[in-house]
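Q: Here's the letter readout for the chains.
Number of protein chains: 2
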Amino acid sequence: MQKIFNPQSVAIIGASEKEGKIGNILIKNIKPKNKNRKSKLKIFPVNPKGRKIEGLKVYSSVLDIAEEVDLAVIAVPAKFVNQVVEECAWRETPIKNIIIISAGFGEIGGEGLKRKKGLKDLIKKYKLNVLGPNCLGIINASEDINLSFAKANITEGGIGLISQSGAFITSMIDVAESEQFGFSLIASLGNKLNINENDLLDYYVKDPETKIIAMYLENISDGKKFQTKLKRIAKIKPVIIIKAGNSQKTKEAIQSHTGSLAGESVVIQTVVKDAGGILVDNLEDFVSIIKVLNNFKVSKIQTTGKKEGLVIVTNAGGPGVITTDLTESYGLKLFEFNKKERVALKKKLPEESSVNNPIDLIGDAREDRYQIVLDYLKDIKGIKGVLAIVTPQAQTPIKKIVENIAEYNKKMPFPTFPIVIGGEAKDEAEKVAGSNGINNFEFPVVLIRALKKIGKWNIPATVLVKQAKGEKSDRISRQEYRTLLSYKESEKLAKEFKLNILPAKYPDNEDDLKNFIKKLKLPIVMKVDSPNIIHKNVKNGVAVGLNTVKKVEEEFRRFQKDFPGEKILIQHQVENGMEIILGLKRDTSFGLVLIIGLGGITTEILDEKILLVGNITNVKIKDKLKKSKLYKILKKEKINIDKLVEQAGRLFELGMLDEKIIEVDVNPIFLYKHKDPVIVDFKIMKISQRGSS
Amino acid sequence: MQKIFNPQSVAIIGASEKEGKIGNILIKNIKPKNKNRKSKLKIFPVNPKGRKIEGLKVYSSVLDIAEEVDLAVIAVPAKFVNQVVEECAWRETPIKNIIIISAGFGEIGGEGLKRKKGLKDLIKKYKLNVLGPNCLGIINASEDINLSFAKANITEGGIGLISQSGAFITSMIDVAESEQFGFSLIASLGNKLNINENDLLDYYVKDPETKIIAMYLENISDGKKFQTKLKRIAKIKPVIIIKAGNSQKTKEAIQSHTGSLAGESVVIQTVVKDAGGILVDNLEDFVSIIKVLNNFKVSKIQTTGKKEGLVIVTNAGGPGVITTDLTESYGLKLFEFNKKERVALKKKLPEESSVNNPIDLIGDAREDRYQIVLDYLKDIKGIKGVLAIVTPQAQTPIKKIVENIAEYNKKMPFPTFPIVIGGEAKDEAEKVAGSNGINNFEFPVVLIRALKKIGKWNIPATVLVKQAKGEKSDRISRQEYRTLLSYKESEKLAKEFKLNILPAKYPDNEDDLKNFIKKLKLPIVMKVDSPNIIHKNVKNGVAVGLNTVKKVEEEFRRFQKDFPGEKILIQHQVENGMEIILGLKRDTSFGLVLIIGLGGITTEILDEKILLVGNITNVKIKDKLKKSKLYKILKKEKINIDKLVEQAGRLFELGMLDEKIIEVDVNPIFLYKHKDPVIVDFKIMKISQRGSS
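These protein sequence lines are chains H and Y, in that order. Mapping to the numbering used here: the first sequence position 509 is 509, numbers consecutive. Mapping to the numbering used here: the second sequence position 681 is 681, numbers consecutive.
Among the hints, erroneous ones may be present.
Because identical chains cannot be distinguished in the list, a pair is counted as satisfied if it fits within a single copy or across any two copies.
Claimed, not checked - The calculated SDA-like cross-link candidates involving lysine to any residue, where the alpha carbons are at most 20 angstroms apart (straight line), are:
| no. | residue 1 | residue 2 |
| --- | --- | --- |
| 1 | 340 | 354 |
| 2 | 116 | 104 |
| 3 | 452 | 281 |
| 4 | 229 | 615 |
| 5 | 660 | 222 |
| 6 | 453 | 329 |
| 7 | 224 | 615 |
| 8 | 31 | 41 |
| 9 | 431 | 177 |
| 10 | 636 | 544 |
| 11 | 151 | 393 |
| 12 | 348 | 337 |
| 13 | 348 | 367 |
| 14 | 225 | 589 |
Treat the hints as calculated values from the structure; they're not laboratory data.
One chain only, chain H, in its complex shape (with noise of 0.2 angstroms):
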């Protein structure tokens, strides 16, 4: 593979003085670019003409060659190409090492086939090495060799890019310039015939220029060979890929559901994601992945703890808080200050600043502003990185502020991003950080989409069972606030509104007890009916499937052991039915919200909520679930809705009666195919002063 990126010696095969060619492009893209070119690379042009070509002397043939030749770069109409490879194969120093751009061959079928078949010959009895065919060639950026007919000046920097798209290379050779990016190594893979991306894998990761793999591939000559490199690779260096062409190919026949959930792009997600790589399936995200991995310390940055996070520092509100719900929606993390810190960088600056996360500046913030901020920063640990917004406002020394975040960017522990939104300004950044060795990013949402498939900022799953747990208990501090009704509150009010709710009994004593039994019939369900104790099922508050006299008189007792003071209730347990979860919220901005969603273990994998605002009719309620995916479910149990649709109706207006009802929660509403549906638990929270209901 060395002798294919950094050649000592090339015969350009189809070697051409007509001006457009490609055998002209060729000629014309090897020059060196630097006069110090490294690589003392000797060009033979080969054309059957003779003569001399950009003042190189022409070779009729391969064969005329004296010297040895490291590399073949074909570029003859098609029906020469195996003639001309087989001439390379049978020098005296025979040509191991080809580049074919011809097209021509698999891709074309008919006698393209046969051409395909005779070039795999060749390559099997020469034991050659060839790229393509119909490919674009290589580029060593690094070594400044040009052995392709994509552009001749390519920016030199971190990115080794290989693609089965010619035209792929150099719409990105384009994007780099502008987006301030360069590359070491670039590979047309062509057709695939012998090389693939599994050999250049082997030599990118080698190559001391390359920073990064990008890949963009349209199927994977080798699937198990391919993962078992990944996952090797993607340890020393990123691998970023595009996987095209996947729409194709789910339109295939399913034949099961294993079929339809193992479809070839969630396929190679799993491979790609297991082996630690980075999927995209866009050129956006591709490019600004590409432009966070290149320039700024992502792999310094480790999880050390739970108190780490990203911060936001902004000289404009809007796009602070915007960038702040994206960090959230996309499961980031915000770094969370503690007062001490707040405190400290409060004295800092100015009165009107802000210094949560987003650290707002204000409009008139200059360079010295953000420098004061992200000179606190640098100590803090557990910060993960800086997204610096700067808005154009009308004193905003643009170039002085990205001049400076790229100097903090090689100080400090963690990258700091630029994100200069607009016009001009966005210009004038892009080209004062390219030129100081970072990017600037327009905007927000592009480089958290980035970071996000990146994966180092993702918030670890504890931390976010710690903050719902954390919720919970403020939820008790807040009883002085929201009052939850008794069951038994809740069911008188469920009844005058001719609400389907499970009749339930409240025992004093065990004649109580032993009376009601009778009247609800076993099994019975047992639960505390307090407003004290919210989850029940936590604390053993809830026993199910009661169904001797003695079990329930058992499990009353440890009630009233368990909850001294508090009401017990009973009530008849009722067959399992589908499981639906019908709701009320009052919204501060529009009033009234109804709910309606699947419950039980499927509430919280079903992506879909069905709410309805504003002027509630049934009619409006039945028209929303029969566009819900809700409704194809309980089509297919065969449940009719509009006993559904009434009861969620009557809930409406359980809801319209009283302003202070603020929440309610019919969980669940059991669904049948022949009876009538019947509310299980059912709870009213309302506002209130603490001591009143």
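Based on the hints, put chain Y in the right spot on chain H.
A: Only chain Y this time, still in chain H's reference frame:
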């Protein structure tokens, strides 16, 4: 409101001659940019110091202005504002319309709150219309009136912007310049003490220059009014909204399922979507949607029938394929050409081009080739838009192609979007597009996201269903390549690998049946066991809950009649457990893939697929399972996963046995709390020729 956006006379209170002061910027900004400004606006600078500013006479108080004044713009320090407002009201001809630029009210607390209270009282007392305080002012670009301290020169155009953040406005003005769109009206809402978004919506919808209403909101002043208004207005003009500040609110304690299902952000989504508005969460989408709606004939697109969709035209394979994948993954429909159309188009294009969708014009395409395609497309019914991808190849005439596309947008019934990718080419394209009244999109994904959000290009649900049905009939015709083993055959293999498959019996006659019922015990399930009937349910090939011998016998007779010659199997009907699907699939690139997922009605709604690819061991299965949502659910239900892991491992071994096994579908395997899992149905798909097994 007319007097705020288009006054005949305005007092600038706090006007200043000091460079850089807001009072000075205001005076400079209000000067006409066009010499022939329609508005004969009279300007009265007010400052206690008097003298002259920018050649205008300065009044020491509004009380000194003898003439009528439509509007006052106040930019004095906060502590003087209320006094100045009162002076406006005290005048012989009171000034009722006031824009308060000054900050220092509710947003700073303390003193500010007192001022807020005072100002509120004044508004009520004198019936004033007040925009602000703490705002940037307004701009009426159509009338060349800039009463803000944003930039002086605003490009005129069709966007009416309403923003609760001043910085958002300055950013948008800057972005608009480079992205080539302009504004009609701009208003900064500030603290919304009096005039709010609802009032402005009324004015914007009537403004003839405003084609699109674009809003940035952090909170909504009167939700119900907003909802009603939006419903009406979104039918007249497109309304695009960024609602920011959701993340803070979602952090509020949530006391019930309902609460968590209906977070603030979900409510606003519902409201805007139901009303026909477009809600986005980031600036990039905001801008790209504006670009699409502003300059392309989106409104003319109508959903007419089934044969409709988007067309992708490209001069580069790779980007074409990526874009095709994206349209599909975003649920946008591609137009399907029929054979006649393909043949006709092919005749007009070079041999190597491809006339599917995408239409690939090949790298050497010049403007004429794009022209040929667009000419041809313009008469085909059902095309809803063209995505014209242009990558900069050796001789691609970017300017001509974009100019052509602009021309076609004038005469075609659908929009054609130029997507010129990369660097200089993109810069050129943006300029050319802008000066020809359209916009360029650098990355296909950005345009596709915009189209998706706008929603006119979505695949209608009915079409999706049709396609799915089409696929089903395809499947049957492919039977010659894939064979479904009988349950009996599958059962045998499963037993060999110690899979807990539910035993089945295959009664040939009623005597067998009676005998088997005794062995298996009631209730009984009966199924047709035929490779010809894959979806048994569809054809009544399954009977469940047969709980008397008589019922089993009756069904048996029906089966014999309905499925003559087919094997019938019976099983004991086990108690329903947690339904899980296990599966194997042989991927062409990566070999055997193991899939684990939730079964039953939840398969369709759980967006999780647990896939294992490569060398699969029980340890790996368990590790991956433990990271899944499914695991959380199993844990909650107190189901031990070891047995599931073991069965999955055995299934994998079964797949390793025989390369011809290409799919295995264990659907479902029931899991229980205190019992071993049971496989209830088991399908093996093998590749084979018709007739063999």
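Q: The structure should be examined with respect to each hint, and the outcome stated for every one.
A: Now for the hints, and whether the structure bears them out:
1. 340 to 354: Cα proximity of residue 340 and residue 354: one copy only (15 angstroms, versus 65 angstroms across).
2. 116 to 104: within (9 angstroms within a copy, 77 angstroms between copies)
3. 452 to 281: Cα proximity of residue 452 and residue 281: in one copy and across copies (14 angstroms, 16 angstroms).
4. 229 to 615: between (59 angstroms within a copy, 13 angstroms between copies)
5. 660 to 222: between (65 angstroms within a copy, 19 angstroms between copies)
6. 453 to 329: The answer is both: 14 angstroms in one copy and 17 angstroms across copies each meet 20 angstroms.
7. 224 to 615: Intra 58 angstroms, inter 9 angstroms, cutoff 20 angstroms: inter-copy only.
8. 31 to 41: The answer is within: 10 angstroms in one copy meets 20 angstroms, while 66 angstroms across copies does not.
9. 431 to 177: both (11 angstroms within a copy, 18 angstroms between copies)
10. 636 to 544: between (29 angstroms within a copy, 16 angstroms between copies)
11. 151 to 393: So residue 151 and residue 393 pass the 20 angstroms test across copies only (9 angstroms; inside, 39 angstroms).
12. 348 to 337: within (15 angstroms within a copy, 65 angstroms between copies)
13. 348 to 367: within (14 angstroms within a copy, 59 angstroms between copies)
14. 225 to 589: Classified as between; 10 angstroms across copies, 57 angstroms inside a copy.
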